[in-house]
Amino acid sequence: MAEVFEEIALLMELKGENPFKIRAYRTGAETVMSFPGDIIARAQSGDLAGIKGIGEALRDKLHEMATTGGLKFYDYLRGEFPEGIFELFELQGLGPKKVAMLYKELGVASIAGLQEAIAAGKLQDLAGFGAKSVQKLEQSIAFHFSHAGIFRQEQVAHDVADILAALRGHPDVSRAEVAGSYRRGKETVGDLDFLVATSHPEEIMAYFTSQPWVADIIAHGPTKSSVHLASGIQCDLRAVTNAQFPFALAYFTGSKEHNVALRSRALKYGWTLNEYRFASTTPDGPPPPTDIHEEKDIYRALELDSIEPELRENTGEIPAAEEGSLPRLVEMDFLRGTFHNHTTASDGRNSLLEMAEAAREMGMEYLGIADHSKASFQANGLDEGRLREQIAAIREMNQGWKDFRLFAGSEVDILKDGRLDYPDEMLAELDYVVASVHNAFQLSEEEMTNRILKAVENPHVTMLGHLTGRLLAKRDPYAVNIPKIIDACAETGTIIELNANPWRLDMDWRWWRLAKSKGVLCSINPDAHSTDGLHDLYYGMRIARKGWLERSDVVNCLKVAEITKLLNAKRERMAATLT
DNA sequence: GCCGTTTTCGGCCCGACTGTTTTCAGTCG
Numbered sequence: 083m084a085e086v087f088e089e090i091a092l093l094m095e096l097k098g099e100n101p102f103k104i105r106a107y108r109t110g111a112e113t114v115m116s117f118p119g120d121i122i123a124r125a126q127s128g129d130l131a132g133i134k135g136i137g138e139a140l141r142d143k144l145h146e147m148a149t150t151g152g153l154k155f156y157d158y159l160r161g162e163f164p165e166g167i168f169e170l171f172e173l174q175g176l177g178p179k180k181v182a183m184l185y186k187e188l189g190v191a192s193i194a195g196l197q198e199a200i201a202a203g204k205l206q207d208l209a210g211f212g213a214k215s216v217q218k219l220e221q222s223i224a225f226h227f228s229h230a231g232i233f234r235q236e237q238v239a240h241d242v243a244d245i246l247a248a249l250r251g252h253p254d255v256s257r258a259e260v261a262g263s264y265r266r267g268k269e270t271v272g273d274l275d276f277l278v279a280t281s282h283p284e285e286i287m288a289y290f291t292s293q294p295w296v297a298d299i300i301a302h303g304p305t306k307s308s309v310h311l312a313s314g315i316q317c318d319l320r321a322v323t324n325a326q327f328p329f330a331l332a333y334f335t336g337s338k339e340h341n342v343a344l345r346s347r348a349l350k351y352g353w354t355l356n357e358y359r360f361a362s363t364t365p366d367g368p369p370p371p372t373d374i375h376e377e378k379d380i381y382r383a384l385e386l387d388s389i390e391p392e393l394r395e396n397t398g399e400i401p402a403a404e405e406g407s408l409p410r411l412v413e414m415d416f417l418r419g420t421f422h423n424h425t426t427a428s429d430g431r432n433s434l435l436e437m438a439e440a441a442r443e444m445g446m447e448y449l450g451i452a453d454h455s456k457a458s459f460q461a462n463g464l465d466e467g468r469l470r471e472q473i474a475a476i477r478e479m480n481q482g483w484k485d486f487r488l489f490a491g492s493e494v495d496i497l498k499d500g501r502l503d504y505p506d507e508m509l510a511e512l513d514y515v516v517a518s519v520h521n522a523f524q525l526s527e528e529e530m531t532n533r534i535l536k537a538v539e540n541p542h543v544t545m546l547g548h549l550t551g552r553l554l555a556k557r558d559p560y561a562v563n564i565p566k567i568i569d570a571c572a573e574t575g576t577i578i579e580l581n582a583n584p585w586r587l588d589m590d591w592r593w594w595r596l597a598k599s600k601g602v603l604c605s606i607n608p609d610a611h612s613t614d615g616l617h618d619l620y621y622g623m624r625i626a627r628k629g630w631l632e633r634s635d636v637v638n639c640l641k642v643a644e645i646t647k648l649l650n651a652k653r654e655r656m657a658a659t660l661t
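What the first sequence shows, in the numbering used here, is residues 83 to 661, in sequence order.
FYI, nobody ran anything at the bench for these hints, they're computed from the structure.
Errors might be hidden in some of the hints.
The list that follows gives simulated cross-link-like pairs (lysine-lysine, DSS-like), each with its CA atoms no further than 25 angstroms apart [stated by the list, open to error]:
hint	residue 1	residue 2
1	Lys-268	Lys-556
2	Lys-484	Lys-103
3	Lys-97	Lys-180
4	Lys-154	Lys-134
5	Lys-484	Lys-268
6	Lys-134	Lys-180
7	Lys-214	Lys-180
8	Lys-218	Lys-103
9	Lys-103	Lys-204
10	Lys-134	Lys-179
11	Lys-97	Lys-186
12	Lys-647	Lys-600
Okay, the calculated beta carbon distance ranges per label pair [unchecked claim]:
hint	residue 1	residue 2	range
13	Glu-172	Ala-312	34 to 44 angstroms
14	Gly-482	Glu-528	21 to 31 angstroms
15	Glu-654	Ser-256	30 to 40 angstroms
16	Arg-359	Glu-187	52 to 62 angstroms
17	Arg-557	Ala-297	51 to 61 angstroms
18	Asn-356	Gly-166	16 to 26 angstroms
Source: prediction; values computed, not measured.
Heads up, the beta-carbon is just placed ideally off N, CA and C, and yes, glycines get one too.
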């Protein structure tokens with residue numbers, strides 16, 4: 083539904099419609115995407131009143147989509163332009179005006195069509211297209227075919243560290259930060275935004291654009307430059323003064339929606355807020371606040387608690403900051419252990435002992451081992467005999483530690499029909515069980531949901547692993563009704579994993595507030611297949627924070643005695659209910 | 001198309017860079 087609103091916005095831009103109307107569709111798409119609940123169920127039952135950004139017209143359209151699976155208004159708009167026209171927007175430098183012109187004047191309606199038109203020399207005759215524009219378009223096309231455009235955190239983390247070090251090492255730079263979606267901890271980023279405070283901006287721009295990791299320069303001005311790195315990611319740098327730095331950092335960290343909300347709040351105080359400063363809206367208006375040195379000073383001036391970058395998505399953080407009800411976000415230092423880790427017994431690269439020692443060195447007090455079960459034969463899953471040997475080895479090893487403990491678990495396949503890959507007697511011997519789907523991804527949403535619900539009903543299933551099976555920028559999540567799963571987990575006391583592998587980051591951060599509101603607990607699990615993999619916990623932590631999770635929501639923060647008790651709680655509770 | 005201490009109509013963020021259009025439009029973030 084959000085994608086349909088996005089495409090409607092694009093089509094209306096092509097038609098040259100009222101830009102504010104277009105923005106309303108974009109806002110609507112954003113609202114739908116980040117809605118903390120079952121928006122489809124709400125739309126089906128017509129229960130959409132009072133959602134900010136969704137007015138009468140968008141409400142009706144959501145209802146129509148949710149009940150009929152289509153939208154007449156959208157079909158009508160689509161009929162006015164050919165199918166392939168959307169891909170033209172993926173080219174850097176092409177916006178709605180130029181795409182409309184290309185289509186209207188030359189009949190260009192795809193990237194391939196554009197290539198033909200360029201080859202035939204047709205673009206030169208078009209108003210607004212000179213030789214340089216054509217050359218840039220050819221570059222954009224080449225770039226489009228050679229790069230993905232979406233990057234996972236772990237793909238860019240090294241670039242970010244290198245660039246920050248280079249900027250901070252320059253004698254004319256007093257402060258440097260990475261901003262943008264990377265700083266907000268998004269699961270993937272489309273570009274990287276850097277910011278420096280300097281009194282010699284032009285020198286910094288020259289320095290930045292001449293670095294060895296720059297593949298090509300997109301733009302190079304006195305205070306702003308854009309380049310592509312070798313990895314293909316676009317990287318922007320802005321230079322401001324020291325006094326402007328907190329404003330610019332807040333501005334370029336975003337999100338756009340968060341900024342809009344902050345600016346409109348500033349207006350109520352009689353101030354404008356931009357990337358450089360507060361200013362009075364009128365000459366005789368209230369004087370703007372002074373003494374702004376850090377981002378938190380900006381929030382304080384607007385009578386808001388300081389808002390962590392991860393929360394800046396305009397999904398309720400501003401009202402919460404106003405009334406002092408922002409969450410105290412969970413931190414890396416709070417983690418005492420983690421679950422769902424593999425060893426050489428299945429498809430891991432390190433032994434039980436090596437994994438345990440690595441966890442101890444990281445300062446953990448416990449580590450849960452969960453190798454694959456036998457149905458995952460491609461991953462050398464354990465049969466019951468090998469699993470019992472592993473359990474015995476873990477019990478034996480635990481004798482040797484006073485300050486550390488291994489938990490014997492398993493990542494048990496949820497079979498296609500919802501049964502588990504081990505019988506209950508086997509599961510009962512384990513300290514805990516992670517239940518995950520590893521095959522038959524193509525089931526319908528109803529079948530997949532029922533499959534997982536059946537696993538949740540099992541008293542031995544302590545937690546659900548990677549709930550949607552997604553691989554970021556590679557494989558879509560499988561269809562599953564997440565609100566239903568969350569309700570069942572709340573009902574049964576089943577924990578949901580936040581898989582910290584940077585490819586997965588699953589369950590998605592947008593669902594955690596719903597889970598939290600129902601009392602469902604989170605386990606941040608690295609799904610480590612090596613000792614190095616344990617460090618992926620960091621990526622999971624960023625996502626947990628993005629999901630508004632606090633120390634009390636994350637089971638990894640519990641002490642050994644507390645977590646031991648919790649791992650047994652569901653079994654005991656369900657046994658009590660039965661008797 | 002949405003919203004409201006500016007409240008049912010009038011306003012909705014705006015600055016940097018590029019290329020081409022001799023004064024600015026388009027794109028981007």
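Hint-by-hint comparison with the structure:
no. : hint                                  : verdict
1   : Lys-268 x Lys-556                     : holds, 16 angstroms
2   : Lys-484 x Lys-103                     : violated, 65 angstroms
3   : Lys-97 x Lys-180                      : holds, 12 angstroms
4   : Lys-154 x Lys-134                     : holds, 24 angstroms
5   : Lys-484 x Lys-268                     : violated, 39 angstroms
6   : Lys-134 x Lys-180                     : violated, 33 angstroms
7   : Lys-214 x Lys-180                     : holds, 15 angstroms
8   : Lys-218 x Lys-103                     : violated, 31 angstroms
9   : Lys-103 x Lys-204                     : violated, 33 angstroms
10  : Lys-134 x Lys-179                     : violated, 30 angstroms
11  : Lys-97 x Lys-186                      : holds, 11 angstroms
12  : Lys-647 x Lys-600                     : holds, 21 angstroms
13  : Glu-172 x Ala-312: 34 to 44 angstroms : violated, 21 angstroms
14  : Gly-482 x Glu-528: 21 to 31 angstroms : violated, 49 angstroms
15  : Glu-654 x Ser-256: 30 to 40 angstroms : violated, 58 angstroms
16  : Arg-359 x Glu-187: 52 to 62 angstroms : violated, 43 angstroms
17  : Arg-557 x Ala-297: 51 to 61 angstroms : violated, 28 angstroms
18  : Asn-356 x Gly-166: 16 to 26 angstroms : violated, 38 angstroms
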